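Just so we're aligned, residue 1 is where the sequence shown starts under this note's numbering, counting upward by one.
The set of hints was computed from the structure by calculation and includes no laboratory data.
Check each hint, because a few of them may be wrong.
Said to hold, decoys possible - Simulated pairs of lysine-lysine, DSBU-like, Cα-Cα distance not exceeding 35 Å: (1) K66 <-> K110; (2) K110 <-> K92; (3) K106 <-> K131; (4) K76 <-> K110; (5) K106 <-> K66; (6) K129 <-> K106; (7) K129 <-> K49; (8) K35 <-> K92; (9) K66 <-> K129; (10) K49 <-> K66; (11) K129 <-> K110; (12) K49 <-> K106; (13) K110 <-> K77; (14) K129 <-> K92; (15) K35 <-> K129; (16) K92 <-> K106; (17) K131 <-> K49; (18) K106 <-> K47; (19) K76 <-> K129; (20) K76 <-> K47; (21) K35 <-> K131; (22) K106 <-> K76; (23) K131 <-> K92; (24) K77 <-> K49; (25) K77 <-> K131; (26) K92 <-> K77; (27) K106 <-> K35; (28) K131 <-> K47; (29) K35 <-> K110; (30) K92 <-> K47; (31) K66 <-> K76; (32) K66 <-> K47; (33) K66 <-> K92.
To be verified - Here are the computed distance ranges between Cβ atoms for each label pair: (34) P33 <-> Q136: 35 to 45 Å; (35) C141 <-> H81: 36 to 46 Å; (36) S60 <-> C141: 44 to 54 Å; (37) Q142 <-> T96: 27 to 37 Å; (38) E36 <-> T99: 30 to 40 Å; (39) L115 <-> A40: 35 to 45 Å; (40) P112 <-> C141: 29 to 39 Å.
Please read these numbers as outputs of a predicted model, since none were measured by experiment.
Using N, Cα and C, we set each Cβ at its ideal position, and we do this for glycine too.
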Amino acid sequence: MILFLFISGLSWSQDQPTIYLYANGDTSVIVYPWKEHRRAIVLYDLKGKQTFELEDVRLSYTVWNKLSFHPNGAVKKIEQHSNPGASLYSYKSTMTFDTLNNPLTKRDEKFPSDLQDLEKSNTWFWNSKQKNWVPQETMECQPVKP
1 MILFLFISGL SWSQDQPTIY LYANGDTSVI VYPWKEHRRA IVLYDLKGKQ TFELEDVRLS
61 YTVWNKLSFH PNGAVKKIEQ HSNPGASLYS YKSTMTFDTL NNPLTKRDEK FPSDLQDLEK
121 SNTWFWNSKQ KNWVPQETME CQPVKP
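Generate coordinates for the entire structure from the input sequences, incorporating the hints supplied.
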């Protein structure tokens with residue numbers, strides 16, 4: 001069950017944030033109103049600490065985010081789509097989160113893709129100490145002789 005709440009008294013207003021709740025009633029996500037063609041999306045853990053932030057953008061380029069939720073109300077996955085204006089390509093990042101809204105992994109894709117895109121690793125992991133994405137590294141090992 002996903003719980004959400006529009007904070008605006010008795011009626012929904014574009015000037016008010018949209019708040020998604022954990023099953024226990026604590027704030028999971030706040031989607032702020034549009035301001036100068038941008039709106040912030042902020043994720044929180046069960047203690048109210050901010051765990052991640054991103055934004056939707058409607059300018060000469062577009063970035064929009066689709067959120068999916070765990071049964072407890074935490075974000076399970078975010079699909080971020082971007083279209084840099086006048087580009088031949090569009091991009092999609094799929095980010096996964098644990099049940100406390102902590103980022104886990106991110107995978108980037110480019111459409112249409114080419115052979116070079118398929119050869120490289122597009123998987124990233126969240127570094128919780130530095131609060132940034134780090135690329136997955138492929139390690140080459142020497143064969144072991146018996």
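Hint check results:
For the given pair, K66 sits about 17 Å from K110 by alpha-carbon distance, which is consistent with the 35 Å threshold. For the hint pairing K110 with K92, the CA-to-CA distance comes to about 6 Å; that is within 35 Å, so the pair holds. Between the alpha carbons of K106 and K131 the distance comes to roughly 13 Å, so the proposed pair stays at or under 35 Å and holds. For the suggested pair K76 and K110, the alpha carbons sit about 22 Å apart, so the restraint of at most 35 Å is met.
Taking the CA atoms of K106 and K66, the gap is near 14 Å; set against the 35 Å cutoff, the hint holds. Restraint check for K129 and K106: satisfied, since their Cα atoms lie roughly 17 Å apart, inside the 35 Å limit. Straight-line distance between C-alpha atoms of K129 and K49 comes to about 15 Å, which keeps the hinted pair within the 35 Å bound. This hinted pair checks out: K35 and K92 have alpha carbons roughly 24 Å apart, not beyond 35 Å.
Between K66 and K129 the CA atoms are separated by roughly 26 Å; this keeps the pair inside 35 Å, and the hint holds. Proximity of K49 to K66 is assessed by CA-CA distance (about 22 Å); at most 35 Å being required, the pair is judged to hold. Taken as a hint, the K129 and K110 pair is honoured in the structure, with Cα atoms around 28 Å apart against an allowance of 35 Å. Between K49 and K106 the CA atoms are separated by roughly 21 Å; this keeps the pair inside 35 Å, and the hint holds.
Our distance criterion of 35 Å between C-alpha atoms is met by K110 and K77, whose separation comes to about 18 Å. For the hint linking K129 to K92, the alpha-carbon distance of about 25 Å falls within 35 Å, and the restraint holds. A distance of roughly 31 Å separates the Cα atoms of K35 and K129; the hinted pair therefore holds under the 35 Å criterion. Straight-line distance between C-alpha atoms of K92 and K106 comes to about 10 Å, which keeps the hinted pair within the 35 Å bound.
Distance check on the hinted pair: K131 and K49 sit about 13 Å apart at the alpha-carbon level, within 35 Å; holds. As the CA atoms of K106 and K47 are separated by approximately 24 Å, the hinted pair is consistent with the 35 Å bound. A distance of roughly 21 Å separates the Cα atoms of K76 and K129; the hinted pair therefore holds under the 35 Å criterion. Between the alpha carbons of K76 and K47 the distance comes to roughly 18 Å, so the proposed pair stays at or under 35 Å and holds.
The straight-line distance between the Cα atoms of K35 and K131 is roughly 26 Å, inside the 35 Å bound, and the hint therefore holds. For the suggested pair K106 and K76, the alpha carbons sit about 12 Å apart, so the restraint of at most 35 Å is met. Of the supplied pair hints, the one linking K131 and K92 holds, its CA atoms being roughly 21 Å apart against a limit of 35 Å. Of the pairs offered as hints, the one joining K77 and K49 holds, with about 19 Å between alpha carbons and a cut-off of 35 Å not exceeded.
A C-alpha spacing of about 18 Å is found between K77 and K131, which places the hinted pair at or below 35 Å, so the restraint holds. Distance restraint check for K92 and K77: the Cα-Cα separation of roughly 13 Å lies within the 35 Å cut-off, and the hinted pair is therefore satisfied. With a C-alpha separation of about 27 Å, the suggested pairing of K106 with K35 holds against the 35 Å cut-off. Annotation: proposed proximity of K131 to K47 holds, straight-line Cα distance about 18 Å (limit 35 Å).
Distance check on the hinted pair: K35 and K110 sit about 28 Å apart at the alpha-carbon level, within 35 Å; holds. Proximity of K92 to K47 is assessed by CA-CA distance (about 30 Å); at most 35 Å being required, the pair is judged to hold. Distance check on the hinted pair: K66 and K76 sit about 11 Å apart at the alpha-carbon level, within 35 Å; holds. About 24 Å separates the Cα atoms of K66 and K47, which keeps this hinted pair within 35 Å; it holds.
Taking the CA atoms of K66 and K92, the gap is near 11 Å; set against the 35 Å cutoff, the hint holds. Evaluation of the 35 to 45 Å hint for P33 and Q136 yields a pass: the beta carbon distance comes to about 36 Å. Range check, C141 to H81: Cβ separation about 37 Å, and the 36 to 46 Å hint holds. Take S60 and C141: their Cβ atoms lie about 46 Å apart, and the range 44 to 54 Å holds.
In this structure, Q142 and T96 meet the distance hint of 27 to 37 Å, their C-beta atoms being roughly 33 Å apart. The supplied range of 30 to 40 Å is met by E36 and T99, whose beta-carbon atoms lie about 34 Å from each other. Take L115 and A40: their Cβ atoms lie about 37 Å apart, and the range 35 to 45 Å holds. About 34 Å separates the C-beta atoms of P112 and C141, a value consistent with the hinted range of 29 to 39 Å.
Hint compliance for this structure: no hint is broken.
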